[in-house]
Amino acid sequence: MWIKGARILDPASGLDSPGDLLIEKGHIAGIYPGGHNDAHQQNAIDARGLWAMPGLVDMHVHLRDPGYEYKEDLYTGSLAAAAGGVTTVLAMANTNPVNDNPSVTQYIVERVKEIGLIRILPAGAVTKGLRGKELSEMGLMKIAGIVAVSDDGRPIESASMMRRALEYAATFGLPLIVHCQDLSLSGKGVMHESALSSSLGLLGIPRLAEDVMVARDLTICEDLKIPLHITHVSSRNSLAIIRHARERGVRVTCDATPHNLLLTEARVADYDTNAKMYPPLREESDRMALIHGLSAGIIDCIASDHAPHAYDEKDLDFDLAPFGTLGLQTLLPALLKLHYDHKLDLLKLIATATVNPARILGVEAGHLSVGGPADIALVNPEALWTLTEDVIRSKSKNSAFLGLQFKGRVAYTICQGRIVYQG
Amino acid sequence: MNWPHKDLIGIADLAAGEIETILDMTPSFKEISQRDIKKVPTLRGKTVVLLFYEASTRTRLSFEIAAKRLSADTVAISQSGSSFEKGETMLDAAKNIMAMNPDCIVIRYPYAGTVARLARIMPCSVLNAGDGFHEHPTQALLDMYSMREHFGTLTGLHVVMVGDIRHSRVARSNAYGLTKMGARVTLVAPQTLLPPGVASWGVEVSTAFDPVIPSADVIMMLRVQKERIAEHLFSGDREYASFYGLNQQRMQRMKKHAVIMHPGPMNRGVEINHDTADSPRAIILNQVENGVAIRMTLLYLCLGGSNVD
Chain V
1 MWIKGARILD PASGLDSPGD LLIEKGHIAG IYPGGHNDAH QQNAIDARGL WAMPGLVDMH
61 VHLRDPGYEY KEDLYTGSLA AAAGGVTTVL AMANTNPVND NPSVTQYIVE RVKEIGLIRI
121 LPAGAVTKGL RGKELSEMGL MKIAGIVAVS DDGRPIESAS MMRRALEYAA TFGLPLIVHC
181 QDLSLSGKGV MHESALSSSL GLLGIPRLAE DVMVARDLTI CEDLKIPLHI THVSSRNSLA
241 IIRHARERGV RVTCDATPHN LLLTEARVAD YDTNAKMYPP LREESDRMAL IHGLSAGIID
301 CIASDHAPHA YDEKDLDFDL APFGTLGLQT LLPALLKLHY DHKLDLLKLI ATATVNPARI
361 LGVEAGHLSV GGPADIALVN PEALWTLTED VIRSKSKNSA FLGLQFKGRV AYTICQGRIV
421 YQG
Chain R
424 MNWPHKDLIG IADLAAGEIE TILDMTPSFK EISQRDIKKV PTLRGKTVVL LFYEASTRTR
484 LSFEIAAKRL SADTVAISQS GSSFEKGETM LDAAKNIMAM NPDCIVIRYP YAGTVARLAR
544 IMPCSVLNAG DGFHEHPTQA LLDMYSMREH FGTLTGLHVV MVGDIRHSRV ARSNAYGLTK
604 MGARVTLVAP QTLLPPGVAS WGVEVSTAFD PVIPSADVIM MLRVQKERIA EHLFSGDREY
664 ASFYGLNQQR MQRMKKHAVI MHPGPMNRGV EINHDTADSP RAIILNQVEN GVAIRMTLLY
724 LCLGGSNVD
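For the record, the sequence lines run as chains V and R.
Here the first sequence is numbered in the numbering used here, starting from 1 and rising by one per residue.
Here the second sequence is numbered in the numbering used here, starting from 424 and rising by one per residue.
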């Protein structure tokens, strides 16, 4: 199959040129900047006006399967990913049962094979049941197919456990991803702590809840000299702590979410529970710090933290509704919005959701190269569209971006040489 | 009277002129409660549902008496024994009540935001009787009314509120209203009980009570709950009373004409003592009396009753 006339964007090689792509047997068989004269017209996608980039790698999603299939399952999650140009995801372990043993990992791997749409890579739990008390069977899970470990959704409360978890994960060559939250500081908070939370009468989650855990984990990471990935950084102060650590040579990487990069706490002003997530939407100064961190390369990745919740769960009092917003279908549009609104370098932005997370996870994805997997997103960069519930392919509809207009829409998603979505 | 609001959710939504209107109309309603026969037909045929999902004696009774004195039919539902206990959401409960076609729902609710949401979807009037840590607008209106009744004006009054400002919907509603009406407001609490970002409310803030006492015209004491001790917000009653309690010695340092207020219920021996709560300076029971009149005014305005006779 040929893709003809696209603007090829590949951050891994730095390629930004119009040209043709040849796909054979699930792999990229040829990349022809400037075009290929022999490219015959049958079985070709006319991609003039479209951008071709590596299929996105979303290193933070919740697919709720097994156990919470009423929110999302591996199939609907795959549909949502494909519709968003995402061809590789890291599925977090907070399912029911928790993915803390190889049986659950095997279930996911086999189910994903049956579905056969996109590449879903399981993350294993760091601790059994995400309880923070005993290490999980990381080594056996790695054999079964996990590519990273994380207790995401929960912090690793004990510093001793954090230290041992890093050492143990390193034993098996598994990257460790931490959700930084000091539970005593986040307390019963439901939104960012600020003048707005006070006037809305909602209890706040201070930046400190994130900052102190980031500082602790970086101290441990620096001492052990083992790499660590901090997910969904939201606080400008946490980001400064990470920047300082990086300057000292600490091997830390981090990601931020599209919602923290594009929205602020103002989105909560009418108590819309779709805007309730952890970490919370914060202030414009935090958002601008994150954007600056992105352009300065302190933030390595953008990951959606796709967190589906059923309508009835979200349709509750703000205090009682669960935390989380959808994100898979809006990851790529959000990248483009950052490019258009904030003049961020396009290749650098694409790298944050392709080659960068692929490298951190150590997976073969996120780049366009001959012999590499044919995972490609074709995007119409000019298409204007608004996110509505009808557009959402997830089982749940709880997006903080509902009603927002985006410029740039996925036209085709190709995963391992197969068209898995056509817009 | 052409009142533009279907609902009353918070003082933040009212303009100074509207607060003025409410306060100006209230004496004629207060007069009704002083008659021998305390009832006018203004809201005859109207149904007022009182939905209290949180403990309340004063506010609920006050609304109920206000509605009855205007001849409205009232039905009260409280948390215990309601379908709320069976896990029904507020939204469903409200829709069911709505299907019975009341003219007004008065709601007290433990969580912020939901009352406003109901008001948006309900065709009838919704009056907020306190929602979480958000607002308690009728309390603030009765407090402002009581102050104005005593001093003749709110402009230039120095109102000091002392206590758990962080968790107080009364403090929020009063701070919004009083600043709109030109009063000077000082909030007093230990740092731990002040809300984040309080500076943006246009008020003064002090962690020390004693220095602000001599300049206060009104000292309003707020209740402090013991559960704040477990939340690391203060050490206990003894220390609290010693720094923030309104006792005899502090009362003696007040201006001659200054008054003491409390929205109730009081923690005697903590934020207030018998010798201050029961002193001639305390207008705490006037607040309660005025509460009925203010709520009559609001029911009248929002339900668009016929003329007062």
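Treat the hints with caution; some may be incorrect.
Stated by the list, open to error - So the derived list for chain V, only partly shown, Cβ under 7 angstroms to chain R, looks like this: (1) Pro33; (2) Ser198; (3) Gly201; (4) Leu202; (5) Phe318.
If you are wondering where the hints come from, they were derived from the structure by calculation, not from laboratory data.
From the three backbone atoms N, C-alpha and C, an ideal C-beta is built for every residue, glycine too.
For the hint on Pro33 (chain V), does the least C-beta distance to chain R fall short of 7 angstroms? violated (53 angstroms)
Using 7 angstroms as the Cβ threshold, decide whether Leu202 (chain V) counts as touching chain R. holds (6 angstroms)
Hint check: 7 angstroms Cβ-Cβ cutoff, Gly201 (chain V) to chain R: Holds: closest Cβ of chain R sits about 3 angstroms from Gly201 (chain V), inside 7 angstroms.
Grab the minimum C-beta distance from Ser198 (chain V) to chain R and call the hint holds if it beats 7 angstroms, violated otherwise. holds (4 angstroms)
Can we keep the Phe318 (chain V) interface hint, with Cβ of chain R closer than 7 angstroms? holds (5 angstroms)
When held up to the earlier numbered hints, the structure conflicts with hint 1 and nothing else.
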